[in-house]
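A.B. asks: Here is what each chain is made of, one letter per residue.
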Amino acid sequence: MNTESNFSKNPKLLLEVRELCVHFPIRSGLLSSVQSVVKAVDGVSFEIAPGETLGLVGESGSGKTTVGRALIRLAPITSGDIFWKSDDITRLPESQFRSLRKEIQMIFQDPFGSLNPRLTIGSIVGEALEIHFPELNLKERKARVAELLNQVGLLPEHTRRYPHEFSGGQRQRIGIARALAVHPQLIICDEPVSALDVSVQAQIINLLQDLQEQMGLSYLFIGHDLGVVQHMSDRIMVMNEGKIVEAGDCKSIYQSPQHPYTQKLLAAVPTLA
Amino acid sequence: MNFPLWIQNLAIFLLAASMGSAFWFVARSPRWQRATRRFRNDKVGLLSACVISVYLFIGLLDSVQIPAGPHRDRTALDWMFHGIKRERTYSAPLASTSYSATRPQPLEGRHVLGTDVLGKDVLLQTLKACRTALIIGGLTSMIYIPLGTLFGVLAGYYRRWVDDVIQYIYSTLATIPSILLLIAIIMALGKGLPQISIALGVTAWVGLCRLIRGETMRQSQRAYVEAARALGQSHRQIICRHILPNVMHLVIINFILGFSGFVMTESILSYLGVGVPVGTPSWGQMIDSARMELAREPAVWWNLGASACALFFLVLALNLLGDALRRAFDPRGSSVSVSR
Amino acid sequence: MASYLIRRILYMVPIIFGVMVITFVLFFVVQSPTAMAKRILGPKAKPEAIQNWLHNRGYDKPRFINTQPGATWWDSQFVHQMKALATFDLGYSDATGESIARMFRQGAIPSLLITVPSFIFGFLISLSAALFFVFVRDSRTDLFGVILCVAMMSIPIQVYVIFGQWLIAVKTSYLPAFGFYLSGASTIKFLVLPVILYTLADLGGEVRLYRTIFLEEIHQEYVKTAQAKGVSPARVLFVHVLKNGMISIITLVVASLPFLIIGSLVLENFFGIPGLGNLTVNAIRTSDFAVVRTTVYLGSLLYLVGLLLTDICYAAVDPRIRFQ
Amino acid sequence: MALRILYLTVACALLAGCSNNPHPPPFREKRADGTPWQASYRPFPDDPRSLDPQFSYDTLGHAVVSLVYEEMLEYHPLKTDPYELIPCLADGMPEPISGSDGTLAYRFRIKRGVYFHDDPCFSSGKGRELVAADMAYAFNRIADPKVECPVLSTLAEFVVGLQERNDEAKRTKSFDYSKPFPGIRVIDDHTFDILLLKPFPQLLYWMAMPFTAPVPREAVEYYDGRSHDGTIRQQFKFKPVGTGPFRLVEWKKGLSLRLIRNDNYTATRFPTEGWPAADAARYQAMAGKPIPFLDEVDFRIIRESIPAWLLFRQGYVEAAGLGKDVFDTAVSARQELTPEYQARGVWLYKDAEPSTFYFQFNMQNPVVGKNRKLRQAISAVYDVDLEIDIFMNGIYLNAQQLLPPGVYGYQADFKDPYRQHNVEQARQLLAEAGYPNGYDAKTGKQLQLTLDLTVDDAESRQLAEFEKEQIEKLGISVKVEENLWATQQDKMDRGNFQFTASGWNADYPDPENFFFLFYGKNIPPEGNNNSRYANPEFDRLFEKMRAMENSPERLDLIHRLNAILTEDCPMIPLYHPVAFHLSQPWAPRVVLNPLVSNGLKYTQIDVAMRKQKQVEWNRKPMWPLAGIAAFLAAAGMFAYRWSQRHG
Amino acid sequence: MSLLEVRNLRIQFVTEEGETQAVDDISFFVDSGETVALVGESGSGKSVTALSLSRLVPTPPARYQGGQILFEGKDVLQFSKRQLQDLRGGKIAYVFQEPSTSLNPVFRVRNQIAEAIHLHRRDVQDVRAEILNILDLVGIRDPIRAMEAYPHQLSGGMQQRVMIAMALACRPKLLVADEPTTALDVTIQAQILNLLRELRKKLGMAVLLITHNFAIVSNLADRVLVMYRGKIVEQGPTQEVLHHPKHPYTQALLACIPKIGSMERRLTTIDHEALARMS
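Chains as they are written, first to last, in our numbering: chain Z, 1 to 273; chain F, 274 to 613; chain W, 614 to 937; chain H, 938 to 1584; chain Y, 1585 to 1863.
Among the hints, a few may not be true.
[To be verified] Straight-line alpha carbon distances no greater than 20 Å define the calculated SDA-like cross-link-like pairs of lysine to any residue that follow:
(1) K1016(H) with G1440(H)
(2) K1261(H) with A1224(H)
(3) K696(W) with T445(F)
(4) K1110(H) with K1063(H)
(5) K837(W) with P1644(Y)
(6) K1382(H) with P340(F)
(7) K837(W) with Y1648(Y)
No wet-lab data here; the hints were simulated from the structure.
Please put together the full structure from these sequences, using the hints given.
C.D. replies: Put into C-alpha cells, the structure is as follows:
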C-alpha cells in the first residue's frame, strides 16, 4: 500500500491519516461489561492534497462512512493519528477543534434526514454563519445566505421555505450550501448522490465539480457506486471490513485491479453492454 | 391568596392571553403548517377542540374575580348565577319543592339540574368543577412536562452515565404502581390541590421522559444532528435548536392525553379519600358522593349525571383531540382523514 | 439466555433498593412511627406506652445513621427496615396488629378469582374486537368503533360499578349485590358481576391499543408480500398480522400479569370482596401505613417480575430475539 | 370462539347464581331436637381490632367481646330510666365494706357452676369453672404494661395495687403473674374483695365493662401466635375464650365473624321484669327462660352503608341502621314507618345514645383560647338545627349541654344562651371579641381559623363543608384541615390545633364520665382533656362531685359545673345522636337499653318467616334475560351474515 | 394473444395534498417467456404499474380510472375477489425490493413457501420435497437449513433468493420483479441478476423487471419500456432503445450515467422543464 512509505509529515498535504482505528464496544445494560468489539475501521492510512478528490469505495458495512465521520469527530477514534496541515488534531480538545470545523465540512447521504425539518432553509444555512462568523450582522448574513443558495443553484426566495417543500436534489444542494457557508477546504462527501435519481445525481456531481474548480476544494468522496466514484476522484481507495485493500489512481485500479476483492467488485458492476 | 383583585384578574388574563397567542402562533407557524392543515380537515379533532375551548372558557369565567360588596369577591361565573338561590338541601331538577318524600318544602327558585345535599345548584357546581379539573391538569402539566422533557432529552442526547442515572431514577419510580405511589405521596404530603399536582407530576413525568428519551435517541441519530455537530454547534444549541423542536409534538400529544388522565385520576383519588380538599368543587367528589345518593329511594341521580357527563365529555374530547393531533403529526401521513 | 436472565435479575437489585428507600422516606421520615403507635394503642394510650411500643419495634432508633456513643453506626431504623423488607419480613398491620404476610396470602385468592377471569375474557374480547375493527379499517364502522372505545375509556370505573350494581343487583335481584365467600361453584355468583364490570371498564382502552398495534403491522411490507402471494385478506389479518401483532401484545399483557394478584382497588371495595385491592383501600382509608407500605413494596416487586416475564416471553415468542 | 366461551360461562354463572343470597350456609340446618337452627345474620361495619377484653376499647370490639366474655355486673337490658346494674357473673350485687383503717372495698360473690368455653387451651379440652383467682388474673392483666390496657391510669387512681404492679413491671421489664394481685383479696374460690384507695362509686360501672371480665390464664398462655408442633396458634386477641353465651368459631378478616351458642351457658336468664307494659305479652313468653335463644350469630363485615341497606331490603340481614340516604324511604315525617315498610312488617327502633358531639377549642391557642367572646360568637352563629335536618334526618337531639339525656344531672329544660342560632347576637359577640364583621379591629385583616377534621369519605366531606360555611357566616374565613386519622390524633395530643369536632360516648351513665373531659389534671398527655381547659374552680367542684353518691347536693354541683362550661365555652355542644334502627319482622329486638352491647343473647328469630319473606322480596324479572337473549341472537345473526358476505 | 396486455390504464392517487396522476394512460404488453424491463426514475409510476397488474394498489388512496389489464385475455379489473386471489401468486408472482422486510419475520421460510403452494397448487403431494426443490433451484446451497430458518437468520442475498423461491413456488406465468437488487450490495446484486437470467431460461416464464438502472436492463431484458411522469415515453427492443434512443428523455437518461473508464469530465443533465414543454 502506497501510504506506508509516507510516514513523514508532508507539509504540502492537507490531511494525513495514519493507522486510524475506530472500534465500537458492544455493551448492553447498566451492569454488563464490554461484550465484544466491532472493528469498524482498522488501521487506515491515507492523505489528501489541496484541490484533490480522494474516492473511497466499499460495500455496506465496510467502514467507509465511519472513516469520514471519525475525521470530524462524529465517531470516536480508538487509535491512530490525524494531521491537518501538519498539525496533529487527533487529541485536540473540543473547544479548539471547533475552529477546525470551519475548514473540514461534510455532506451527508440522506437528503431527507440531514436537514432539520423544523428550520427554514435560511436558518439551516445561516446557522453555520452564526457559529463561525459571529461578526456578521443580520443583513450581511442574509446576503451571504442568498449568495450561497445562488451558488448551489437555488433561488433567494427559498430561504423562507422548509425542507419538506423541496425535492431530493434540491435538498442535497441545501446541504452543500450549508457545508460551503464556512469556507471549508476539505469536504467529506458521504455518499452524496446514492439516494438520488440518475438524472439528479448528474446535476449534483456536476455542481460538486464546479465548486471544486471555483473554490479549490478538496473532497473525500465516499460511495459504493464505482462509476460515480471514479468519475469524481483523482485517486481511489477500496475498503473492505475496515481495511483499505487497495489504493491508487483511478485508471490503474480499473484497468489492473490487484486485490481479489477489487476484482470481484469490478466484475459485479453491471454495465451497459 | 390575598392579592388585590386587579392583580389576580390581570394574571388570569395574561395566562389566557399567552395561551391563546401560543395557540395562534402554533396554528400559524409554517413549522407546523402540515400538521395544521391535516388537523383542519379532521372533523372529530376540530369538534373536540371546540368542546375543550368551552371548558376552558368556563374555567376562565370561574377564575375572573368580580368585587361584590365589602370584603366579598365572587367569580364571574358566580355572578352569572347570582340569581339562583341557595336551598336548604336536595331538590330535583326543575322541581318546585325540596327533595323529600315526606317533608317537601317549597324552594327559593328553580334549578335546571337540581341541588346537592347542601342546597347548592348542581349546574353551578358542575361548572365550577371545571376550574378544579383544569387547575389540577394545568398545575400537574407545569410540573411534569418540563421535568419529563428535560430529563428525557438529556438522557437521550448524552447517553452514557447521564442516561444511566436518569433511567435508574425513572425505572425506580415506574416500578412502584402509580396509583399506590400517588396515594403514598399524598398521604405523606397531606391533602390539597398543589399536593395532588405534585404527586401526579412525580408519577407522570416518567412516561413522558421515557417517550422523549426514545425520540431524542432517534432524532440524534438523524443526519441533521450530525450536520449540526459537524458545523461545530455546542450541545446546548443542538438540544435547543434541533432536538427540542423535533420532539415537541410528542410533548403536546402527551400533554393533551395526560390531561385527561389527570382528570380521571382525580375521580379515583376522591373515591379513595385522598382527593381535593373540602370546599373545592370537583367531579370526582360529586361522583363519589353519588354512591350514597343513588341508593336513596327515590335515587338522587342528577348529581352523578351532571358530574359524570361533564367529566366524560372533557375526557372524551381530550382523548379525541390527542388522537387527532397524533394523526396530524404522524410522519407517515395518513391518506384518509378518518381514524388511525 | 440463562446469563441474560441473571443479568436482568442483577439489574433489578439497585431498583429494588431505590424502591425501598422511597418507601422508607414516604412512610418513616414523612409519617413518623409515632402515628403508627397511636394507631395500634388507641387515642387514649399514654406516652410511656407509645415509647414502649416504639422501643419494642426498634422505631426509637436514629433514622439513618446511629451516632450515639457505644452504638454501631448501622444500628438505625433505615438499616433495620431495609433488612426487614429484603428478607420479606412484612411486619404487622398498624390497625389490627395482624401479620401482613398472612393478610396478603388470604387476600390473593379472591383477587385472583376476579382478575383472572376478567383478564381472560377481556383479552379475548378485545383481541377479537380489535381484529374486527382492523378488518373494516377506514370505514364508518371503524370510526364508530374508535370513538366508542375512547368513550368507554372516558368513563371512570366507579360509574361503571355504580351503574352495574344498581341495574343487575338492585333492580333485577339476579346476583348478590355484595358479599363473597369461597365455596366451590356457588362462589361464581359473587364473581359474575365484578368480572363483567372489570372487563367492561378496561375494554375500551385495550381494544384501541390492540387496534393500533395491528394497524402498525398491517402497513408492513410482508403484508404486501402475502397479498401478492394470493393470501385472502382474512388470512392476511388472522395469520400474518395476528401473529406479528401478538408479539407486541403478549409482551404488553405479560407485564401486567403479576398485577392481577393485587386485584382492583375500586371494584373489590364496592362488592365487599376481601381481596388485596380491598385490603389496600381499607388500609388507605384507615391510614394503616404498614399495609400501604407493604402493598407499595410488593407491587414494585410484582412489576419487576412482570418485566422479567416480558423479557422471557419476548424471547419465547419472537424468533428474532430467540435466535440472537 | 372467544365469544362462545364467554356466553357459555355467563350462562353457567347465571345458573349457578340463581340465588342472590350472599351468605354461606349456616353451620347446621337443624338443631339436635329437630327444631330449626337459628342463625342470625348481622351487618358489621368492620373488623374489630382486638378481642382482648382488657385491651379492646371500641364499639366493634365490645360488640363481640361482650358476647364471648361476661363481667361481674351488667346493665338491665330493659330499664333505661334510670339505668340499672344487675348481677351477671356475681351472685347478687356487691356489698361495700369500710375497713377499720378507713380503706374501702367491695365484696363480690361469684355464681357457682359458671364454666369457661370448652377449648383446647384447657388440659381436658373442657371448660374449667370460674373462680375468684381469675378476677385477680384479669386485674393483673390490666396492670401489665404489655397488655396496654387503655383505662389503666383511670383505674390505677382508685384500685389498690394497679400502679405499683405496673411500675414494678416496667422496672423489671417483665410482669410476674405468679404474684397475687394486691388489690383483690381472695376470700375463697367464689368470694373476693376489691380494695380501693379512695371512694369510687363508679367502680360498679367499671365492673360491668369488658376490662374487668375474667379471663382464663390458660387461654392467654396457650394462644400466643406462635408455632407449636408445626401449627400456628392464633394470638389471644383473635381467639377469645370466656364464659359468655357465645363462642367465636370463625373469623375471616374482612368477611365475617361467626359465633356459636355456648351450650354450657347458665350464668343468666331472661329478665323477669322491667319491660314496658305495652309489650308485655311478648316479653312474658320469654321471661325467665334460659338464654341465648340463637344458635349462631354471623356478623357479616360490610364496610359500606349501601350494601348493608340492600341486604336488609332483600331480607338477608336481620337489622339495619337507617342512614340518611334511605331514611326518607322507611320513615315518614311523623317519624313512623312508611306504608311500604309497615306492610313488610319491619320493626322501627329509636335509640337515643348516651353521647354528645361538640366543637372543641384549644384553650392554649392564642386566638381562640384566650377569647371567650369569639368562642361564644361561633357558638351563636352555628345552625345546629339545619345540620341535624340535612345530615341527621332531623332526628338527633339538639344539645344544649355536655351531658346527654339519661345521665344523672341532665337538665332537660336547660338552654345555652350562646347556642340559640342567633346571627345578630353572634355578630355582636364577634365585634366585642375584637373582630367586627370578621376583620381584626387592629390590623384590618380577616380572621382566619383552622378547623381540624378527619375527612375520609363523601359524607364527612359534605359535613365538613357545611361546618365551614356555617362559621363563615360570621365573615371570618375557616380553613378546613383534613387529617388522616393518625394525624388528627397526633394533633389532639400535641395541642396543635385551633378547634375541632369531637364526641364522647358514655362509658357508663355517670356525669363524671363527661366532666372529666375538661378536668385540669386530664390535660394530655395525662388524660383526655384535649381542650386543655384548666379552671381551678371547675377542677375543685369536679373532684368533689366525683366522689359523691347521687344526691341533691351532687345535682347542684353538676349544674354548677355545667354553668361554668356554658359560660366559658371551651366546647360548643352540637347534638346527642339518636339512631333509627330497623329489624326484620322475624327478628324483633328485645333489648331497650342502649348501653347494652350483648343484646343478641336475648334475641330470637323466626326462621320459617325469614325464608318465606326472602323469596317474596327477591323475585327476579324475566324481561332483562329475554332482552339479553334477543341481543345475543341478533348479534349472532349479524355475525353469520357478515361472515357469509366476507368469507 | 399476449400473456399480458395493458390498455390505456389510468390510476390516480387521492391524498390530502391533492390528486396525483400516478399512471397516465399507458399501454403495453408482455408475451409469454419474454423479459420486459420497465425503466424509470422514482415517482415515474413504474411500481404502481407493477402492483396494479394484480390490483395490489390499495384503494383508497388509489383509484383505477379506466383502461384494461388483460391477463390471458381476461380483464383483471373486472375480477372477483376469489379470481384475484387465484391470479396473485398463482399466475402473477412478485419479488419486492427489500427482502428483509418483505418476508414475514415470525414464520419459518418453509411455512412461507408452503403457504404459497397450499394456496395455488393443491395437487402437490410432498410439499416438503417441493420446497427443497425450489430452494435448490434458486441456488441455496443448504436448502434444509434454510427451510427451517427464520428470515432474519439469513443474509440479504439469501433472503432475496427465498423471496424468489416463494414467487416461483407456484410456477407463475409472469414474474414481476420490482427493483429486486436495489437494496443489495453490488456483489450480491450480480448474483441475483445471474440467478434471474438462469431461471428465465430454465422455467420459460415471462418476467417484468422494474428498475431504474439501465445497466441491469441491458443484460437481462428483451424489450424495454421507459416511463416518465406516469407515461410510457418509449418502448422497443433493448439494444435499440439503449443505443438509439428516440425520446429525448431516454437520451438524456442514458447520457447522464457516469461510465467507468470514461474520461468525460462533465455529465449531461436532464432539463425537465424542456421535457415538460415538449410533452
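A.B. asks: So, for every hint listed, does it hold in this structure?
C.D. replies: Hints versus structure:
1. K1016(H) with G1440(H): violated (25 Å)
2. K1261(H) with A1224(H): violated (36 Å)
3. K696(W) with T445(F): holds (19 Å)
4. K1110(H) with K1063(H): This hinted pair is violated, its Cα atoms lying about 34 Å apart.
5. K837(W) with P1644(Y): OK: K837(W) and P1644(Y) at ~15 Å, within 20 Å.
6. K1382(H) with P340(F): It holds: about 17 Å lies between the C-alpha atoms, which stays within 20 Å.
7. K837(W) with Y1648(Y): holds (19 Å)
When held up to the earlier numbered hints, the structure conflicts with 1, 2 and 4 and fits the remainder.
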